[in-house]
Amino acid sequence: MAFLTDFLTRRGAYLLATWRIWRDTARFAGRAFVTAATPSAYNSATRGVVMKQIYFTAVQILPGFTLFAALLSFVLIQIVVGTAGEFGLSEYALEVSMRLLVLELLPLVTALFVALRSGSAINTEVALMKIHGEIEAMEDAGVDTLRLEFMPRVIGGMISVLALTAVTSVLALALAYLAVYGPQWWSLPDFNRVMGKVFDTPVLFGILFKSLAFGLAVTVIPVSEGLATPRKLFMAPISVLRGMVRLFFALMLIEVAFLAVNYI
Amino acid sequence: MERPPVSPPVNRPPVPPLVKNLEFKIGLLLAATVLLAVAFVVYALFARGAFQATQTLLLTAPEAEGVTIGMPMTFSGFPIGEVKRMDLSEDGKVLIEIAVVQADARWLRKTSVFTLEKPMVGAAKIKAYTADLKDQPLEDGARRELLTGDATKEIPVLVEKVKTILANVEAMTAGDAPINQTLGNVATVTGRMAGDYGVMEGVLGSPDKAKEVVDALRNANTLLANLNGVSLKVDGILAKTDREVFAADGVLPQARQAVAQVNAILTDARDSLKKVDAILANVQTASADAARITGNVSQATTDMARLRVEIDDSVRKVNHLINEINKMWPFARDVEIKTP
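Chains as they are written, first to last, in this note's numbering: chain P, 1 to 264; chain X, 1 to 340.
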């Protein structure tokens, strides 16, 4: 009996902790959003942090990531076009490849890439700051850490994900045109028709919201996870690990939600 | 208390920025992102026909299965419009509203026909057909009937027909089918044709028979060659005969000559016989009057002897002539004229 009580207590505590961290994350996201919406929150210091964040998250990796995305897009488009041709459904190849790449795969791959590169870095940084008491020290000194440290990171991360998604998606469009019609201009009306069919207004808003949600998750979850780190040095890796797993989970959840809204 | 003098500020070298041209790079990326996003939205609107003038076309169909909003209507395989709305009309038919791009509306005429095709694989297709492009253009808001052709409905009928055809084909291709036997015969004949005597062997059935025909032909050839020689010889003989018989010194002219001679001789003979007649009359007269005659007998006997010589002479001439003719004439006969 005691064993069962103990087990249930531990499960319950774990569940509460999980719920608490998600609640903290949501609360942090809300506060960051409110701060970001306040014009007075922006000054040269905030802008500097935003710019550095964008630089390290997007500009630095832009050439390499663009090349990778182009390669991935090209291979997938070729596979889709070839398979559709084999089944005599070439007319659907362009639509399918566009839905696959621009709507689903490229935003997700971008978010995952940014999560692995910048999300983990942010998580580690915030966790170490928390462990070393730097955050408390700053707050004691009257520094608004949310405004100066965390909100700019969120803004930068979101803009980075949006920028990378936009660049790779447009590249994928061009590659798809080349793969399906070859290097000539005459098929543009046909291409436009298919694009018009794929990117109707709900889908356009969907892509925008999805990318924003990805950008938000990629920065908000690592920051909140880092802030929740207990002040013990050995907890830093555990904090990063938890943050990454939760981030991956959140990204997949957003993707599934987008798919469900779009197709069900 | 005097404060120690403030040391002059240390001239620290300026800290190099973390990243060169950070602002410019970020600005560039942001500008590019905004540009791409705006361009993409504008492009999507353009692709959806937001900037294109359209005219409506209403199609009525008994059912709208397979028709979806946004489905294209094609003309000659090119999309010229798309389904905007669908509704049920008062009489229970489906009303499909199609937005036709104004620039492409010229392909639609008053006599245009619209069909809904449902292939076995893939989505249904609305197609427009225009037979006469010089007809009056289709007015805006025109209402037409959508003709449906469902390929899947035809399948059971098709399967039945195909079964019958397959049964026929099976009967035709069976081992003992006439067509198979015919083909076998053809194979035999063509096989023979490939032999030494070619088509002839194929027609006659075996190489031996073909050989016989060839031999017969060869014999006929030889025979013809011989006949040719014979006819050449006959030609020669005829020429010779011609020469012998009809030449100036040939048989016929000589014969003619001989006949003339015979005539002359016969005339002589007639004359001689007349003389004999006269003599015999004289003899009669003489016998009636013997006494008188006796005196003249010696004279008469002399005359008789002379006459005899003349007659003999004539007969000898005739005989000679007949001999001459016999010599020349091939149909010799033992002919002799003898004096009585």
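Among the hints, a few may not be true.
Beyond 10 Å from chain X on every Cβ pair, some chain P residues (computed) [unchecked claim]: (1) Trp22; (2) Ala26; (3) Ala36; (4) Thr46; (5) Leu62; (6) Leu112; (7) Met138; (8) Ala163; (9) Ala166; (10) Val170; (11) Asn192; (12) Arg193.
Think about it this way: if two alpha-carbon atoms lie no more than 30 Å apart in a straight line, the pair counts; the simulated DSSO-like pairs of lysine-lysine are [stated by the list, open to error]: (13) X:Lys211 with X:Lys233; (14) X:Lys84 with P:Lys197; (15) X:Lys161 with X:Lys211; (16) X:Lys317 with X:Lys275; (17) X:Lys84 with X:Lys134; (18) X:Lys163 with P:Lys52; (19) X:Lys93 with X:Lys118; (20) X:Lys125 with X:Lys84; (21) X:Lys118 with P:Lys197; (22) X:Lys84 with X:Lys25; (23) X:Lys93 with P:Lys197; (24) X:Lys127 with P:Lys197; (25) P:Lys52 with X:Lys110; (26) X:Lys125 with X:Lys110; (27) P:Lys52 with P:Lys130; (28) P:Lys130 with P:Lys232; (29) X:Lys118 with X:Lys84; (30) X:Lys110 with X:Lys233; (31) X:Lys127 with X:Lys110; (32) X:Lys240 with X:Lys327; (33) P:Lys197 with X:Lys240; (34) P:Lys197 with X:Lys125; (35) X:Lys118 with X:Lys163; (36) X:Lys93 with X:Lys25.
If you're looking for bench data, these hints aren't it; they were derived computationally from the structure.
Heads up, the beta-carbon is just placed ideally off N, CA and C, and yes, glycines get one too.
*asked:* Checking one constraint from the list: CA of lysine 197 of chain P to CA of lysine 125 of chain X, max 30 Å. Satisfied?
replied: Satisfied, since the Cα-Cα distance of roughly 15 Å is no more than 30 Å.
*Given hint lysine 110 of chain X paired with lysine 52 of chain P - CA-CA distance at most 30 Å*: With Cα atoms ~65 Å apart, lysine 52 of chain P and lysine 110 of chain X exceed 30 Å; violated.
*Once the closest CB in chain X is found, is it more than 10 Å from asparagine 192 of chain P?*
The assertion about asparagine 192 of chain P is violated, with a minimum of 4 Å to chain X.
*Minimum Cβ separation between valine 170 of chain P and chain X greater than 10 Å?*
Not fine: 5 Å to the nearest Cβ puts valine 170 of chain P too close to chain X.
*Are all beta-carbon distances from leucine 62 of chain P to chain X longer than 10 Å?*
Its Cβ does come within 10 Å of chain X, the nearest being 7 Å, so this is violated.
*asked:* Check whether the Cα positions of lysine 211 of chain X and lysine 233 of chain X lie no farther apart than 30 Å.
replied: Answer violated: lysine 211 of chain X to lysine 233 of chain X is near 33 Å, above 30 Å.
*Regarding the pair lysine 127 of chain X and lysine 110 of chain X, is the alpha-carbon distance no greater than 30 Å?*
Cα-Cα ~15 Å, so holds.
_Just to be careful, I want the Cα atoms of lysine 125 of chain X and lysine 110 of chain X compared with a cutoff of 30 Å; is the pair within it?_
holds, 21 Å
*With a cut-off of 30 Å on the C-alpha distance, tell me whether lysine 240 of chain X and lysine 327 of chain X pass.*
Given pair lysine 240 of chain X, lysine 327 of chain X holds - Cα atoms ~19 Å apart, limit 30 Å.
*Run the C-beta distances from alanine 163 of chain P to all of chain X and say if the shortest one exceeds 10 Å.*
Non-interface label on alanine 163 of chain P violated, nearest chain X Cβ at 4 Å vs cutoff 10 Å.
*chain X versus alanine 166 of chain P - minimum CB to CB distance exceeding 10 Å, so not interface*: violated, 4 Å
*Would the pair lysine 84 of chain X and lysine 197 of chain P pass a check requiring their Cα atoms to be no farther apart than 30 Å?*
Cα-Cα ~12 Å, so holds.
Consistency note: the structure conflicts with the earlier hints numbered 5, 8, 9, 10, 11, 12, 13, 15, 18, 22, 25, 30, 33, 36.
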